Each structure stands twice: as structure tokens, then as C-alpha cells.
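K.L.:
Chains C and L are the protein sequences, given in the same order. According to this note's numbering, the first sequence is numbered sequentially starting from 1. According to this note's numbering, the second sequence is numbered sequentially starting from 1.
The hints are simulated quantities; they were obtained by calculation from the structure and are not laboratory data. None of the values given here were measured: they were computed from a predicted structure. Some hints could be false.
Said to hold, decoys possible - Using C-beta positions, here's what the derived DEER-type ranges look like:
1. L/D133 - C/V147: 30 to 36 Å
2. L/V307 - C/V15: 53 to 59 Å
3. C/S10 - L/V307: 51 to 57 Å
4. C/G9 - L/R212: 38 to 44 Å
5. C/R115 - L/V307: 53 to 59 Å
6. L/P89 - C/V15: 27 to 33 Å
7. C/V26 - L/G137: 44 to 50 Å
8. L/D133 - C/V84: 38 to 44 Å
9. L/P77 - C/L218: 23 to 29 Å
10. L/G138 - C/S10: 51 to 57 Å
11. L/D133 - C/S10: 41 to 47 Å
Unchecked claim - Residues of chain C clear of chain L, computed beta-carbon distances all greater than 10 Å:
12. F127
13. V147
14. L180
15. D195
16. V216
17. T275
18. I283
Note that CB positions come from ideal geometry on N, CA and C, so glycine has one too.
In case you want the letters, here they are:
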Amino acid sequence: MIARGTSAGSGRRLVLAALWLWTAIVFFLPFALVLKISFAEAQLSVPPYSALFERVDGVVVGLKATLANYGLLATDALYFKAYVGSLGIALIATTITLILGYPMAYAIARAPSPRREVLLILVMLPFWTSFLVRIYAWIGLLRPSGVINTALQAMGLIDAPLVLLNTQGAVYLGIVYAYLPFMVLPLYARLEKLDPALLEAAADLGAKPWRTFLSVTLPLSHPGILAGCLLVFIPAVGEFVIPELLGGPDTLMIGKVLWNEFFSNRDWPMSAAATVVLLATLIAPVMLFQSLRMRAEARP
Amino acid sequence: MSPVIRIEAVSKRYGAVAAVDDISLDIRENEFLALLGASGCGKTTLLRLMAGFEQPDRGRVLIGGEDMTLSAPYARPVNMMFQSYALFPHMTVAGNVAFGLKQDNISGDVLKARVNEALLAVELDRLGDRRPDQLSGGQRQRVALARCLAKRPRVLLLDEPMAALDKHLRERTQLELMALRKRLGITFVLVTHDQGEAMAMADRVAIMESGRILQIGAPRDLYERPASQRVARFFGDMNIWPVTAGATPGTLFVADLGLEARVASGSFLNGGPLTGAVALRPERIAISRTTESETGQGVQGTVAEVVFLGTASTYFVKVPAGGTVRVVVQNSDATSVFAQGDSVHLSWSATALTAIEP
Chain C
1 MIARGTSAGS GRRLVLAALW LWTAIVFFLP FALVLKISFA EAQLSVPPYS
51 ALFERVDGVV VGLKATLANY GLLATDALYF KAYVGSLGIA LIATTITLIL
101 GYPMAYAIAR APSPRREVLL ILVMLPFWTS FLVRIYAWIG LLRPSGVINT
151 ALQAMGLIDA PLVLLNTQGA VYLGIVYAYL PFMVLPLYAR LEKLDPALLE
201 AAADLGAKPW RTFLSVTLPL SHPGILAGCL LVFIPAVGEF VIPELLGGPD
251 TLMIGKVLWN EFFSNRDWPM SAAATVVLLA TLIAPVMLFQ SLRMRAEARP
Chain L
1 MSPVIRIEAV SKRYGAVAAV DDISLDIREN EFLALLGASG CGKTTLLRLM
51 AGFEQPDRGR VLIGGEDMTL SAPYARPVNM MFQSYALFPH MTVAGNVAFG
101 LKQDNISGDV LKARVNEALL AVELDRLGDR RPDQLSGGQR QRVALARCLA
151 KRPRVLLLDE PMAALDKHLR ERTQLELMAL RKRLGITFVL VTHDQGEAMA
201 MADRVAIMES GRILQIGAPR DLYERPASQR VARFFGDMNI WPVTAGATPG
251 TLFVADLGLE ARVASGSFLN GGPLTGAVAL RPERIAISRT TESETGQGVQ
301 GTVAEVVFLG TASTYFVKVP AGGTVRVVVQ NSDATSVFAQ GDSVHLSWSA
351 TALTAIEP
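This is chain L alone, in the form it adopts within the complex:
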């Protein structure tokens, strides 16, 4: 199937700063793609290039197979939900939703039905006569969403849609957006700086930095197998240690752990000079008082610090070689509770360790 949006070697500069630097990207029909990155990474510019608010300096933007690089926003079959919602303050809720439909010369009963349908989808059908400043933040967000949905766009572009909502409302809205998308079958492109939001909602996540996409893939793949330290850092507090070539072929020496480790995957295993790092997720490490599970790898250490987090605890375990290992343990049973100074054994399966680029 051809991609619904194709970004072809697109660059966009503002003065000396490359906001988008030679990005190529295919967005598939009906997928939920998240552009994830810190502020200033170019994710919003990329979204605005899709919406037509910016024109690229180089490259092409294809929507539905058609070259729309220079098309005006009103000519594109995509709709954007703005971070500020950008509701028209002089129109009612229904007026806001009807605005986009009127531009398509829809009127009369059809218009009424389409407005009502969109408002029903966001459960605001009873507030059609209100004005935006009579609504709560969450309600305003739904109006903005309904206004986009009424147009039945091929792609819905979401610019930090949850940024202005509180945590509780954000989680609810995430679930609603996902349900809505399943029902309507629209392609979603979400811009966010919140990795939790991206992971929870998206089919694919593109991690951006300095106008480039560092890595793109399913959330689980990015989480388990980050290609670089910069990507790894996006997903919580990973253990990352520098490595050198091990004495045994196919192994890497982790100086911080005093350990020769076997590594499951990593792009730089295919020959070349071995300078890099390995990453290990804190929750993939088993912690116990006795040596066990000889199938995996492990080290001996001493608990240096305990941080209680409620459902889980984080242990910082000092190993004799000098490094510190971060371990996250679910507080599901009393046997896995350790105190500062306890001597413990850490172990993990060979597939848990990922080689990454420096």
C-alpha cells in the first residue's frame, strides 16, 4: 500500500538553524505515528510542513501520492489540531465545527448532521450553543478535535494535544483518542515531547533530535533495542556502559562490571572497530541473595541505595569492578525486599543486553 504521506529528503532552515535536516519518512495508511523529541528538535516544523504552514527549502511532501509540497493548507486533505486549540472565540462550539464544512460548501441538513455527528463523537452534542470561553480546557480540546474530525481528513495532525491537560485528563484523553481512531480509521500523526504518551498511543515512534530522525520503529523495539545512547536516554534510566572487544570472539568486555558479556543484537557487531556501549534495562535484571540461573549472565554486588517508588523500588547496586547497576524491582512480594548494605546477586538473560552506538 502506498504511504498516505511521503516526506522526501525534506530540509527546512530558519537562518543558520536546520529545523528539519534531510528527513525522509513514509506514513502508512491508518497508522498512528508519533514524532517524539525535546523542544526545538524539529518535530513541530515537520508537522507544519505536512499541514502546509511551512514550505520546505528542499525535498518534496506527497499526500495521497500527490505532490503537495507547495500546496496551501486549505488545499490539503489533512487537518491539524493546534496545541492552543485555536478555537474561533466569536463562534459557538457548533459554529466552530461547522466552519470547516462550510468551506466545502456543505449546508442545510447535511451540515447540521455532520456537525452533530462530530460533536457526538467527542460527547459534546449538548454544548453546541456554548462559546469556547464557557468551556473547560478538556472540553475545548474536544471541540478542536471535533472540528478536525468533521472534515473527515485523511490524516489528523496533532500538535502536543495533551500538553495543556492535567495528568488524569490526559490519560483519559489518550484512551479516547485511541478508541476514536480505531472507530474512524484515520491516520494520526502526533507531535509530543512525552515519551510515555508516544509509547502508549503510537504504532510507530520517530525519535527526533536536531532536525533528524534518530530512530523510527514500534515502541517496544525502540524500548528494547535502542540504536544509540541518545535514543536509549529517551526511554527512562537505562544502564549504559562503555565496552571494548572481549577476549573471546563474539563477546564484549564491560569494564564497569568486570565482565565479558555476550550481546544479543547491535548494529556495530558486524565487524569494524569495537568502540561502543551496551545498554541494559533496569527492570530486566533479576536480583536475589543467592547465585542462581546459570543460563544467564550476572554479577555480585552490594546494595548502595534504595529508592521506594510505591509499585516498584529502584536499587543502586555497587559491583566490585567499580560500576553501579540500576535495578528496578516490582514490589509484588516480600521476598524481593533488600536493604542498604545487603550483598546481592544480579542476573539477566543474554538477550537483555543490547549493544548501542556511542
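This is chain C alone, in the form it adopts within the complex:
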């Protein structure tokens, strides 16, 4: 008994160690580098930032760190606007995704068996094509001489092409389109486990369908809603490709700002500082989600 417990314990430790190692290599290590760069100064060199430690003959004699990058982030309105813009766009896009995704997930979860699997595959089918290609495809659909405008003109519904591409609307469309599966799948996983007898019991006790939905289905799918919203919201905040390809000049998102700082201005420290702040901003909702989930699970 004891021996078995120990071997099971060491097995668990091994799995956890692999997980931590992976996290260390792909997250903590790069993040430490980014954090380090964010305290440096930009300069014309390779790499294009000043060294953090002053060395004399290989011996560290001093620390040369600056908070100037963070100071600029706080004072330059552009960055603040970009953060707020990103959070706002991500929030609205997540809400739209939830409103579209919930009924989809519900319908799939309630579909009879062979049809359910087909619908699930259809939800995941876009992943078979590159994300970039799919966003380019939207350009083909939305541009002035694109499929939608051409079709509408051919039907005589419009005289001149509509401005669809490079608008805020196109950014929302792109995000909702690209991240919908990440909303549908966790919701489906939750709704599929919902015991139909609970819905029957609610109806039996006098609840009309809408009340049953609000007081039974919705609260019991709460963890799925949280998971889906985070899976959409967090990548949407830092999204770069969609605003770059579909957005217009007025689309201000932090991902685009990061790209410009890094590649156009070659200001690595500035871009690193902006990244650290973005991460800190995103950790808040993740922590909130975790605590909500812990509370839901601890709740007996």
C-alpha cells in the first residue's frame, strides 16, 4: 500500500515536472528575457539594447537599469489608448462570440448522436487551414471588388461598393470568426454533461422554458462560459494579425503597437515594457477566473 502510494506519487511528480519544465522553457525563460530587456535602453547595436549589467573583465560591477520605458508607457497617451482599445475590442468581440457560441454549443449538445459528431467536426474544421490564410480569405470577401460587394452589385442592391474592409467592424468579424470554436467547445463540453432530467424537473415544477434556461441551464454552464470567454478574450487582446489585415487606420490595438515598436522602430526595450504591462493586465482576469472556478469547485 505504502509502496504503491509512493510510486503513484513519484509518477505524478514526474508528470508535473515535465509540465513545469515545459512552462519554464517556453514561458518563464523568455519572459525573464523580456523583463530584462524592458529595463534596458535602446541603442544601435546587436542586440539593439544596452546591457543590464556593467562588466569589467567579466566581473559584474554595477546594475544599469532604467524605468524610462515604463515611464513613457504611463505618460504617452498612445499606449494607454492602445491598451484600452484592445481591451474594449476584445471585450465586445468576446461578448458577440458568447452570444453566437452559446446557442451553437447548446444545439450541438442536444443533437442526436450521429449529427452531433458531424456538427462538432464542422466547428473544428477551420483549424485544418492556416489561420493566416483564413484571414486573407476575408479580405477577398470584404474588399471593394470582393465577393460580397460584387454579389450585392450584381443583384442591384447597391450602386457603389460598400466599405467593408479596413473597418472596426471587419476586426470584430475577424475575431469572432477566428475564435468562435474556442467559445463553442468548452461550452459544448459543459452543456453536454447537463442532465436532461434536470430540465424536465424544472418544467415539471412549473418553470416555463425561458425560466428553466435562466435558473438551471445557465448557472450550470457557468464554468463553460468562463472558460470560453477567457479563451477568446486573452488572445483577442494581444491580437495582431486580424487588426493588421482587416482593421483600418483607426483600429488601435496593443498588438499592432508592439509590432511597430519592435520591427519598425527597433525599440526592443519599449516593446518589452509594453509586453510586460500587457501580461500584467491579462493576469488579472485569469486570476479572477481561477478564483471563481476554485470557489465553484469548493462549493460542495
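Since the structure of chain C is provided, determine the placement of chain L on it from the hints.
P.N.:
Showing chain L alone in chain C's frame:
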């Protein structure tokens, strides 16, 4: 008095299978009706048709004299207790009980009082703040019951309510349900596959098979006078023998016993070709060493096997004509103890033998 639920020529098919096949049934006010049958006999479908979870393909469902065939479950004055109990896991015990009352726009002190009253009825008034997964199986069952009772339904529908309980708890719950029903005066419809449960609790039992009701009646009537072998088999191990017309008018010849028997009752006695069977309950047979009680009928035989069951013993007695008679004897005194190979005399009163359809 008009029936509280009237099932009128109702049929319900799932694909090629007739779950409920042209059933008509009146459920009387304040009665306890049990739908008894093996799984797949249609008893649960019939219950769900009453609750409104299914709509019949044909026929009508009347509740309180009103046609409710197509009414939604929430519009029906009946409540169902689910086999899985279907308690809302995100609500407390009190929250579960209050749920149904809130749908009737009951709130405030009235709501509190009604919830408490229902919880008191099942002796759970002190566990109102618990969540369903903090309760034992028996307690969960009581919450499900309280949740129904709080609505004060005209009819309480029970879908295998005791299936998940152990034997001891089941017996206690049976007694409690019966006491509760006497006190509240609610009509109960119970779906069960357990004939003991149906017999112990119900005023009337409807025995179902393949979507039809084979026979409906008081438990004792079904037990004593099953109309068919299929019904007879539901109630333990009856002796059933095929019969032909006897030489004397009004008698039947039982080949297995080599006996011409007089029969008390049976639908097929009213003329027609005599092909059928007779049934004899094992505990209605007297077993002794000597021939006695010339008023009844009897056969001579040899004890082939003895099965000791504690309060009773089962004897399998071989008769010269070739048949075997199952006899159940209470182990109340030492004089009625027989061993394998003993020569015995079996006798029964004329009313014990029942003619049944094949």
C-alpha cells in the same frame, strides 16, 4: 366521482416499437396506483405521458376532467419524482424545494412557510442549507419528495423512487410514503418493476407488458386470481398446469396431477373450447402424512426436494401422474417438517385452484 387522470385509448410509438399500445385507464381520486412491469414494458412512457414529457400519437390524456393531451409539463397539476431525483446541484435543499413554489409567484413568508412545511413532512427541516451532494441517497430522495409535495399536486407521479435505495431503507421509505399519502390525501401513481413494492403500497396494480395493461386490480385479486399465466408469473412461483375438459361437466382434467379438478373461477369457463391452464398458489396447499380433509381436493406424492428458507420451506413433491407440485409451508411447528423421500398427501380447497388463460 370523476377520475383525476383519464387515459383514453393512448398510443405512443418509438420507431417500430409501440411503447404504449392503445391503453385506457382511469385513475381515481386519492388512490394509489402502481404500474408494474419489466423494463421496456411501457410503464415509464405511460407515466411520462401523464407528466407531459411525451405527447401521445393517438388518444387523449385528461387531468381533472380537462383535456391536457398537448399541455406542457409546467401547465399540469401533477408532479413527478424522478428516478435519479434530478435535484438541482447548484441550489440548497431549501432552494430546490422553493424552486417550484417560486414558479407560482409565491414569495416572502408564505414561501418560507411552505418550504419549511414540505421539509418537515420528510424530516429534513434541519438540512435546508445543505447542497444535494452533501446528502445521503435516502436524504436526496426525501428532498425530491419534498420538492414535489411543496407544490401540493393533485397527483404525485413516482418513477421507480426506491430503485437506488438499499433494502432496509426501501422498506422504511415504503411505510413513510404510505403514511404521508394517508395524511395528505394525494393521488399517487407509482412505476415499479418490484412486485413486492407494488403489492405492499398500492390500492390497485396495473400489470404491463409490451405497452399493454394485462390486468388491473387490487393486489390480492391479482395475486389470487391472475387472468393469465403472464400475470401469474409476476407474483412468485405459482404452480401452473395445462388442462383439458374433464369427463364430468364443470370439471377440468389436469394431466400432470392425474386429477379431475373443480375450479372456482376463470374467464374461460363461460363456454368455448377448453384449452387453458390452472394455477395453484404454493402456500395454499396443505401437506400432511395422512389423507385428511375430504372436503377439498388432493393428490398423493413423494417429497423430491426440500429448500429451507428460514421462516418457510419449499417442498417439491412428485406425483405419480408425472407432475411436480411446489408447496410452501411456514416453519411454525415441528409437525410439518418433511424429508426427501417422505410419502405425503397434498390437499387444497376448491377455491384455491384458478383457471387462467394460456
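K.L.:
Decide, hint by hint, whether the structure agrees.
P.N.:
Results for each hint:
| no. | hint | result |
| --- | --- | --- |
| 1 | L/D133 - C/V147: 30 to 36 Å | violated, 53 Å |
| 2 | L/V307 - C/V15: 53 to 59 Å | holds, 56 Å |
| 3 | C/S10 - L/V307: 51 to 57 Å | holds, 55 Å |
| 4 | C/G9 - L/R212: 38 to 44 Å | violated, 60 Å |
| 5 | C/R115 - L/V307: 53 to 59 Å | holds, 54 Å |
| 6 | L/P89 - C/V15: 27 to 33 Å | holds, 30 Å |
| 7 | C/V26 - L/G137: 44 to 50 Å | holds, 47 Å |
| 8 | L/D133 - C/V84: 38 to 44 Å | holds, 43 Å |
| 9 | L/P77 - C/L218: 23 to 29 Å | holds, 27 Å |
| 10 | L/G138 - C/S10: 51 to 57 Å | violated, 41 Å |
| 11 | L/D133 - C/S10: 41 to 47 Å | violated, 32 Å |
| 12 | F127 | holds, 33 Å |
| 13 | V147 | holds, 44 Å |
| 14 | L180 | holds, 27 Å |
| 15 | D195 | violated, 7 Å |
| 16 | V216 | violated, 6 Å |
| 17 | T275 | holds, 39 Å |
| 18 | I283 | holds, 28 Å |
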